[in-house]
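Colleague: All chains, please: the whole structure from these sequences, using the hints.
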Amino acid sequence: MKKALCTTSRVTMALALSLVALLFPRAAHAEWPSLDSAVRLSRTRALAALEAEAEVAQANGALTGAKVSVFGNPYLEMQFDRGTLNPQLQALGFLYFPVELLGQRGARVDEAEKYVNWRKLGLVDARAYVTGETVSTWGEVVIARSRMDLATDGEAAARKEAEFFGERLKAGDTTQYEASLAEAEVARWVQARVEAQLKMATAMSRLTQLTAKVDIGAPPKEISASGPPRLKGSWDDAYLTQALERSPLLAKIRGQRDFYSASIDRYKAERLPQFTFELIGGRGADRGEGRYGAGFVLGFPFTRRYQGEIAKAEAARDHAASHYELYKRVLDTRMRTSRSTLLEVGKAIDQLEKSGIPALTRAVDAAFEAYKLGKTDISRVLLTRRDLANTRSRRLDLLEIAWRAYGDLTTFSGDLP
Numbered sequence: 001m002k003k004a005l006c007t008t009s010r011v012t013m014a015l016a017l018s019l020v021a022l023l024f025p026r027a028a029h030a031e032w033p034s035l036d037s038a039v040r041l042s043r044t045r046a047l048a049a050l051e052a053e054a055e056v057a058q059a060n061g062a063l064t065g066a067k068v069s070v071f072g073n074p075y076l077e078m079q080f081d082r083g084t085l086n087p088q089l090q091a092l093g094f095l096y097f098p099v100e101l102l103g104q105r106g107a108r109v110d111e112a113e114k115y116v117n118w119r120k121l122g123l124v125d126a127r128a129y130v131t132g133e134t135v136s137t138w139g140e141v142v143i144a145r146s147r148m149d150l151a152t153d154g155e156a157a158a159r160k161e162a163e164f165f166g167e168r169l170k171a172g173d174t175t176q177y178e179a180s181l182a183e184a185e186v187a188r189w190v191q192a193r194v195e196a197q198l199k200m201a202t203a204m205s206r207l208t209q210l211t212a213k214v215d216i217g218a219p220p221k222e223i224s225a226s227g228p229p230r231l232k233g234s235w236d237d238a239y240l241t242q243a244l245e246r247s248p249l250l251a252k253i254r255g256q257r258d259f260y261s262a263s264i265d266r267y268k269a270e271r272l273p274q275f276t277f278e279l280i281g282g283r284g285a286d287r288g289e290g291r292y293g294a295g296f297v298l299g300f301p302f303t304r305r306y307q308g309e310i311a312k313a314e315a316a317r318d319h320a321a322s323h324y325e326l327y328k329r330v331l332d333t334r335m336r337t338s339r340s341t342l343l344e345v346g347k348a349i350d351q352l353e354k355s356g357i358p359a360l361t362r363a364v365d366a367a368f369e370a371y372k373l374g375k376t377d378i379s380r381v382l383l384t385r386r387d388l389a390n391t392r393s394r395r396l397d398l399l400e401i402a403w404r405a406y407g408d409l410t411t412f413s414g415d416l417p
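Just so we're aligned, residue 1 is where the sequence shown starts under my numbering, counting upward by one.
Be careful, since some hints might not be right.
What the hints assert, rightly or not - Distance condition first, Cα-Cα at most 25 angstroms in a straight line; then the derived SDA-like pairs of lysine to any residue: (1) 199 - 398; (2) 268 - 308; (3) 67 - 54; (4) 268 - 301; (5) 232 - 340; (6) 375 - 389; (7) 120 - 332; (8) 268 - 297; (9) 213 - 34; (10) 160 - 187; (11) 354 - 340; (12) 120 - 315; (13) 312 - 63; (14) 199 - 149; (15) 67 - 375; (16) 120 - 319; (17) 328 - 258; (18) 232 - 33; (19) 160 - 390; (20) 199 - 67; (21) 328 - 261; (22) 347 - 328; (23) 213 - 224; (24) 354 - 365.
Claimed, not checked - Restraint ranges, calculated between C-beta atoms of paired labels, are given here: (25) 167 - 379: 18 to 28 angstroms; (26) 89 - 311: 49 to 59 angstroms; (27) 277 - 315: 28 to 38 angstroms; (28) 209 - 168: 42 to 52 angstroms; (29) 164 - 334: 45 to 55 angstroms; (30) 321 - 95: 42 to 52 angstroms; (31) 276 - 45: 15 to 25 angstroms; (32) 34 - 377: 27 to 37 angstroms; (33) 379 - 191: 16 to 26 angstroms; (34) 95 - 51: 36 to 46 angstroms.
In short, the hints are calculated from the structure, not lab data. Each residue gets a CB set at the ideal place from its N, CA and C atoms; glycine is no exception.
Modeller: The following block contains the structure:
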């Protein structure tokens, strides 16, 4: 009975998966997104961008409420009384219309508009942040895939050599030392492959989180590990200064400072004397005659004058102003560092690809030929191969650093630089 149920469950699961594959073919075949596609997805799907969009919507709601006049919210007061000598009931109604005559509504609307602007600038900054993170992570996945391919090829070659030396050891044509070195080389490449696999899995999970694309596939094996795209502008000192002034992070801090300045003005306007227009109507106690009239009410805030709110807004404004100067210096340093990193990495990569790696490749071939002629031992061959592998790995390290620097420039400038 249990076996039949298990078989039925498996058949049902297989049918369900087949149905999903037919109805949603894209979900059945994971694809590796291009850099532009990953950036486009992250700008609209990343959690930070979605939260910033929600904050903009909330700010727009606050602006809608700020624009509504309090005159449309009158309140009614009813009074009923009778005298001890005259039992006639007197009834009076007081209808109050609050009026904002001293700029309270304008200050409130200005504060709400500044709040909307701040949140919109925060959305721009959030999208710049997720774009930079996506660029760095995308490059990290590509580099990790190249590391894994390099380690896989090295492991395959090392296993062949280990088998070869194992057979020679059985035949008595080599020493235990050389056979052990070959086996140790296999273990070293296995470790490198597993490390690359784990690193790629971690980077792909972050890319999935940024793009909200659950069907991301691994990069194709033929993808080449190259550096980030070339910088679009000159990125000299003048260009960098302009990019710094346009930085989304600095713009958001300026918007925050302007909002709290508007909050100070709003609370200062709110503490001015309040004015309420009054309409009076009812029935008097003398012969029940009708009574009507008008008046006004003034409020005098002598003690409660929004001192706490104003002090809090002033502290927040000063905090934003100080942070603006701090972050401006930090961003200037980091943008210059990222620019220098990209330039230096480019020079180093050119040197490695033109002379370094080809020279080491020739050295490996020469060492192997010398070993076959009996002029050197296997340790020299393995050492030379390890130097070549380390150089290729260091090249990938440099490319990964370049992608990270390119992602930082993207975050700080707001778009692909």
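Colleague: So, for every hint listed, does it hold in this structure?
Modeller: Outcome of the hint check:
no.: 1; hint: 199 - 398; in the structure: holds (16 angstroms)
no.: 2; hint: 268 - 308; in the structure: holds (11 angstroms)
no.: 3; hint: 67 - 54; in the structure: holds (20 angstroms)
no.: 4; hint: 268 - 301; in the structure: holds (12 angstroms)
no.: 5; hint: 232 - 340; in the structure: holds (15 angstroms)
no.: 6; hint: 375 - 389; in the structure: holds (23 angstroms)
no.: 7; hint: 120 - 332; in the structure: holds (23 angstroms)
no.: 8; hint: 268 - 297; in the structure: holds (20 angstroms)
no.: 9; hint: 213 - 34; in the structure: holds (13 angstroms)
no.: 10; hint: 160 - 187; in the structure: holds (13 angstroms)
no.: 11; hint: 354 - 340; in the structure: holds (21 angstroms)
no.: 12; hint: 120 - 315; in the structure: holds (23 angstroms)
no.: 13; hint: 312 - 63; in the structure: holds (21 angstroms)
no.: 14; hint: 199 - 149; in the structure: holds (13 angstroms)
no.: 15; hint: 67 - 375; in the structure: violated (90 angstroms)
no.: 16; hint: 120 - 319; in the structure: holds (20 angstroms)
no.: 17; hint: 328 - 258; in the structure: holds (17 angstroms)
no.: 18; hint: 232 - 33; in the structure: holds (22 angstroms)
no.: 19; hint: 160 - 390; in the structure: holds (20 angstroms)
no.: 20; hint: 199 - 67; in the structure: violated (53 angstroms)
no.: 21; hint: 328 - 261; in the structure: holds (20 angstroms)
no.: 22; hint: 347 - 328; in the structure: violated (29 angstroms)
no.: 23; hint: 213 - 224; in the structure: holds (23 angstroms)
no.: 24; hint: 354 - 365; in the structure: holds (18 angstroms)
no.: 25; hint: 167 - 379: 18 to 28 angstroms; in the structure: holds (19 angstroms)
no.: 26; hint: 89 - 311: 49 to 59 angstroms; in the structure: holds (51 angstroms)
no.: 27; hint: 277 - 315: 28 to 38 angstroms; in the structure: holds (37 angstroms)
no.: 28; hint: 209 - 168: 42 to 52 angstroms; in the structure: holds (51 angstroms)
no.: 29; hint: 164 - 334: 45 to 55 angstroms; in the structure: holds (51 angstroms)
no.: 30; hint: 321 - 95: 42 to 52 angstroms; in the structure: holds (46 angstroms)
no.: 31; hint: 276 - 45: 15 to 25 angstroms; in the structure: violated (50 angstroms)
no.: 32; hint: 34 - 377: 27 to 37 angstroms; in the structure: violated (48 angstroms)
no.: 33; hint: 379 - 191: 16 to 26 angstroms; in the structure: holds (19 angstroms)
no.: 34; hint: 95 - 51: 36 to 46 angstroms; in the structure: holds (45 angstroms)
Checked against the numbered hints listed earlier, the structure breaks hints 15, 20, 22, 31, 32; every other hint is satisfied.
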